[in-house]
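K.L.:
Protein chains in written order, with this note's numbering: chain U, 1 to 446; chain E, 447 to 892.
Rather than coming from a laboratory, the hints here were simulated on the basis of the structure.
The structure presented is a predicted model; accordingly, all values stated were derived computationally and were not measured.
Wrong hints could be hidden among the right ones.
To be verified - Partner residues are not named here, just some residues of chain U that face chain E (Cβ under 7 Å, in silico):
| no. | residue |
| --- | --- |
| 1 | Gln-110 |
| 2 | Val-154 |
| 3 | Val-155 |
| 4 | Leu-218 |
| 5 | Asn-223 |
| 6 | Val-284 |
| 7 | Leu-286 |
| 8 | Ile-288 |
| 9 | Ala-338 |
| 10 | Arg-355 |
| 11 | Arg-358 |
| 12 | Leu-377 |
A virtual CB, placed ideally from N, CA and C, is assigned to each residue, including glycine.
Residues per chain are reported as follows:
Protein chains: 2
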Amino acid sequence: MENFDDIELKEALNQGHVSEIARWLEGKAPHDIAEEFTRLDAVNSALVWRVLRRDRALAVFEELDSTQKQELLAGMRDQAFRETLESMDPDDRARMLGEAPAIFVHRVLQGLSPKERAMTASLLGYPEGSVGRVMSPEVVTVPENTPVGEILDVVRRKGHDAETIDILAVVDGARKMVGLLGLSQVVMASNDLTAGDIADREAPSIAVTDEAERAARLVQETNRLGLLVLDSEERVLGVLTVDDALEVIEEADTEDVARQAATLPSSGHYLSASPVRLAGLRVVWLLILIVASTLTVSVLQIFEGSLEAVTALALFIPLLVGTGGNVGAQAATSAVRALAVGEVRPSDALRVSWRESRVGVLLGVVLGSLAFGAGSLVAGWGVGATVGISVVLVCIWAATVGAVMPLMAKALNIDPAVISAPLVTTLVDATGLVIYFLVAGAVLGL
Amino acid sequence: MENFDDIELKEALNQGHVSEIARWLEGKAPHDIAEEFTRLDAVNSALVWRVLRRDRALAVFEELDSTQKQELLAGMRDQAFRETLESMDPDDRARMLGEAPAIFVHRVLQGLSPKERAMTASLLGYPEGSVGRVMSPEVVTVPENTPVGEILDVVRRKGHDAETIDILAVVDGARKMVGLLGLSQVVMASNDLTAGDIADREAPSIAVTDEAERAARLVQETNRLGLLVLDSEERVLGVLTVDDALEVIEEADTEDVARQAATLPSSGHYLSASPVRLAGLRVVWLLILIVASTLTVSVLQIFEGSLEAVTALALFIPLLVGTGGNVGAQAATSAVRALAVGEVRPSDALRVSWRESRVGVLLGVVLGSLAFGAGSLVAGWGVGATVGISVVLVCIWAATVGAVMPLMAKALNIDPAVISAPLVTTLVDATGLVIYFLVAGAVLGL
Numbered sequence: 001m002e003n004f005d006d007i008e009l010k011e012a013l014n015q016g017h018v019s020e021i022a023r024w025l026e027g028k029a030p031h032d033i034a035e036e037f038t039r040l041d042a043v044n045s046a047l048v049w050r051v052l053r054r055d056r057a058l059a060v061f062e063e064l065d066s067t068q069k070q071e072l073l074a075g076m077r078d079q080a081f082r083e084t085l086e087s088m089d090p091d092d093r094a095r096m097l098g099e100a101p102a103i104f105v106h107r108v109l110q111g112l113s114p115k116e117r118a119m120t121a122s123l124l125g126y127p128e129g130s131v132g133r134v135m136s137p138e139v140v141t142v143p144e145n146t147p148v149g150e151i152l153d154v155v156r157r158k159g160h161d162a163e164t165i166d167i168l169a170v171v172d173g174a175r176k177m178v179g180l181l182g183l184s185q186v187v188m189a190s191n192d193l194t195a196g197d198i199a200d201r202e203a204p205s206i207a208v209t210d211e212a213e214r215a216a217r218l219v220q221e222t223n224r225l226g227l228l229v230l231d232s233e234e235r236v237l238g239v240l241t242v243d244d245a246l247e248v249i250e251e252a253d254t255e256d257v258a259r260q261a262a263t264l265p266s267s268g269h270y271l272s273a274s275p276v277r278l279a280g281l282r283v284v285w286l287l288i289l290i291v292a293s294t295l296t297v298s299v300l301q302i303f304e305g306s307l308e309a310v311t312a313l314a315l316f317i318p319l320l321v322g323t324g325g326n327v328g329a330q331a332a333t334s335a336v337r338a339l340a341v342g343e344v345r346p347s348d349a350l351r352v353s354w355r356e357s358r359v360g361v362l363l364g365v366v367l368g369s370l371a372f373g374a375g376s377l378v379a380g381w382g383v384g385a386t387v388g389i390s391v392v393l394v395c396i397w398a399a400t401v402g403a404v405m406p407l408m409a410k411a412l413n414i415d416p417a418v419i420s421a422p423l424v425t426t427l428v429d430a431t432g433l434v435i436y437f438l439v440a441g442a443v444l445g446l
Numbered sequence: 447m448e449n450f451d452d453i454e455l456k457e458a459l460n461q462g463h464v465s466e467i468a469r470w471l472e473g474k475a476p477h478d479i480a481e482e483f484t485r486l487d488a489v490n491s492a493l494v495w496r497v498l499r500r501d502r503a504l505a506v507f508e509e510l511d512s513t514q515k516q517e518l519l520a521g522m523r524d525q526a527f528r529e530t531l532e533s534m535d536p537d538d539r540a541r542m543l544g545e546a547p548a549i550f551v552h553r554v555l556q557g558l559s560p561k562e563r564a565m566t567a568s569l570l571g572y573p574e575g576s577v578g579r580v581m582s583p584e585v586v587t588v589p590e591n592t593p594v595g596e597i598l599d600v601v602r603r604k605g606h607d608a609e610t611i612d613i614l615a616v617v618d619g620a621r622k623m624v625g626l627l628g629l630s631q632v633v634m635a636s637n638d639l640t641a642g643d644i645a646d647r648e649a650p651s652i653a654v655t656d657e658a659e660r661a662a663r664l665v666q667e668t669n670r671l672g673l674l675v676l677d678s679e680e681r682v683l684g685v686l687t688v689d690d691a692l693e694v695i696e697e698a699d700t701e702d703v704a705r706q707a708a709t710l711p712s713s714g715h716y717l718s719a720s721p722v723r724l725a726g727l728r729v730v731w732l733l734i735l736i737v738a739s740t741l742t743v744s745v746l747q748i749f750e751g752s753l754e755a756v757t758a759l760a761l762f763i764p765l766l767v768g769t770g771g772n773v774g775a776q777a778a779t780s781a782v783r784a785l786a787v788g789e790v791r792p793s794d795a796l797r798v799s800w801r802e803s804r805v806g807v808l809l810g811v812v813l814g815s816l817a818f819g820a821g822s823l824v825a826g827w828g829v830g831a832t833v834g835i836s837v838v839l840v841c842i843w844a845a846t847v848g849a850v851m852p853l854m855a856k857a858l859n860i861d862p863a864v865i866s867a868p869l870v871t872t873l874v875d876a877t878g879l880v881i882y883f884l885v886a887g888a889v890l891g892l
């Protein structure tokens, strides 16, 4: 028999009203909520349960019998649950995606394929690109007081379901991380110690909502076989293994390479992507760049008089903008890389520009002499001097701008790799032309 | 007391005459050669010993007592030995760098720092960039008939000197590879099996003279903790661990990124490299590119008459060459990446160019319409049509050339990454201008 409360809850569920569900839950004991779950289907159980704050959610979860637990887990993985979430308004959805208890996360993600896992992880509130989307929940945990001699038994017992046993998580009674333990350390350790004694307490770990790429680079830098993934209370949720880290890095690098060439990364096989798809990936940036390069048209329009007077000036436009673009692209690439590996920070902008301007002077002197020679040969001393001096100035300008732009992007929280070589080139082109015609005006008296 | 033979040998050694040393060795029994080593210093022992072919070298090595063995190893690592090798003529040096016996390689490399190891590996004849230069010789070998229950004892006994015990090499009596064995497999395996039973016989391995980068990518692709490195007889020489593989990949990627921006990779910290050094790394490519771009000057010179007649044509030169360059750079980057991950081969050149030309048509239609609009607005229909049509043709040309050039480079055994975006850009610039002025001639009747 249904009472008034039940009707209220069913209606709130039907309409997806999170605040109503919350009101219904208010003041109810965990036991009563668990009791109510027997009357709800899997998806509705999951909905109600996700409205609970973590501490209460854990209490309710522990009140459930094993069949109910299975049902709740199934509900969390259900397509209908995802669809309900997606149809909610953002505030409600954010509330539904609060942090879930570690023990539950572990169970809901277990046994899923990487793809299913990534989808389910989104329902746990781990944002796109976070390590929570790529971690494996199947890590062997070893209580810290386990004697070394018994650790291998623990591993043999729990290892069959694990993603890896090359690294183990040593935890305290509350599943909080004590340290990371390599299987090789266990094999080599002396028998009178415990897991807690030999665990590597200095091993880096990462929060589940942190960026997957940051986690992967951490694995790479620290030369370890993986990294433990923790919730906000330092409880172990999973592991990012070195091979998963490698995949994350590979993907990020492909993305960066694509960005440097001003195209969106293609996920598919090159030969199986249709020309329409390839063109679609590339056209976005090309449109931005062609619009930006109308700036060069305007600059040249301003100086059309000079061009008419000395047509020979036009001959060196591609050489000048090309050189400026190349110098700028080199500086930008160096800066992007230096930022990526942490050698410079946005606050180094002044030092970087001072350094690059000197590099620009050196390059300018070498390339400018060559340009002066070519210019004089083709169009006389005056044009030669104009081209030579312009190349020197453009080199200094391009090197400085090219290096500083990625730093500025970083300071504005934009991925510096977006400041691709083509973007730098296009922007340096227009300013380079202004320099060229100003120099021409001074040298040739136009 | 020295006999005639000794004098002959000393002289041959003093003059570094490999063929004389070889003649002296001819017909001598291993025992006699070993005996002779007592009279030679470490470096000369190493010199004589390296002239021997592998089988005899092994026989001699086994005749030596442990002090002599130590001396020979020391000689191989000696600066003087390296210098003697370097002063030899290339034929003699090649002969001295023949394959050394596996057991000797193992011992000579053991205990050295990675840097010392790389230097010594060069003396073993492993070419620059080969996996022999970066592998670790400190791998635990497990005889194939070892029962599972005893493997961990072997690991505990040999593991202290090893680079890694996460993976083990299962070998037969002649140190030949039977398979790779993960420590985790050992822990999980049933006790009634042997190392040979559980070893992964399908695990990839690599020859010591193969490219380090190829080896590293193999580790990455196969998601393993390392790779066994073998000599030409499949004997285990060492291991490339996943963290060393990561470093090799990181370095190769840094190199590729630098190449894409037409600069040489810098090994040092960005802020500590002097401007002179930075300029030095960048200037080589810039010089090549500026010389290549004088081609654009020549093209424009040919069409100077058209430029004088319609100065407005000059206004769109940067836009045209910029767009061609960007389209070419995108296509080149896609092709370089597709080659790197094995999605295309040089023999796919026709398919690739057919695909890219269609991509070029699509991009050309979109960008050409925009260029037509801008051109008409600024300089009338005639110039607008010229710019629009030229952009379409340049897009098709740039996409095709950009994608095919890396494939051609690969076919000619040149690293495709050398076909950097700036190189494609510069080459497309000149041809793009030819297209532009031919179209102008046709449309405007110049």
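K.L.:
With reference to the structure, classify each hint as holding or not holding.
P.N.:
Going down the list of hints, with the structure as the test:
Here the hint on U:Gln-110 is broken, as its CB sits about 18 Å from the closest CB of chain E, past 7 Å. Annotation: U:Val-154 was flagged as interfacial toward chain E, and the flag is violated, the nearest CB pair being 11 Å apart, outside 7 Å. Satisfaction of the interface hint for U:Val-155 is found here, the shortest Cβ-Cβ separation to chain E being roughly 6 Å, below the 7 Å cut-off. Annotation: interface hint on U:Leu-218 violated; nearest CB of chain E at approximately 12 Å, more than 7 Å.
With 7 Å as the threshold, the beta carbon of U:Asn-223 comes within range of chain E, its nearest partner Cβ sitting at about 4 Å, so the hint holds. Evaluation of the U:Val-284 hint against chain E yields a violated restraint, the C-beta minimum of about 10 Å exceeding 7 Å. A cut of 7 Å between beta carbons decides the hint on U:Leu-286: the least distance to chain E is about 6 Å, and the hint holds. The restraint placing U:Ile-288 at the interface with chain E is violated, with a minimum CB-CB distance near 10 Å, outside the 7 Å limit.
Hint on U:Ala-338 holds. Least Cβ distance to chain E is approximately 4 Å, under the 7 Å limit. Taking 7 Å as the C-beta cut-off, the interface hint given for U:Arg-355 holds, the closest approach to chain E being about 6 Å. Interface restraint check for U:Arg-358: the shortest CB-CB distance to chain E comes to about 4 Å, inside 7 Å, so the restraint holds. Interface restraint check for U:Leu-377: the shortest CB-CB distance to chain E comes to about 10 Å, outside 7 Å, so the restraint is violated.
Consistency note: the structure conflicts with the earlier hints numbered 1, 2, 4, 6, 8 and 12.
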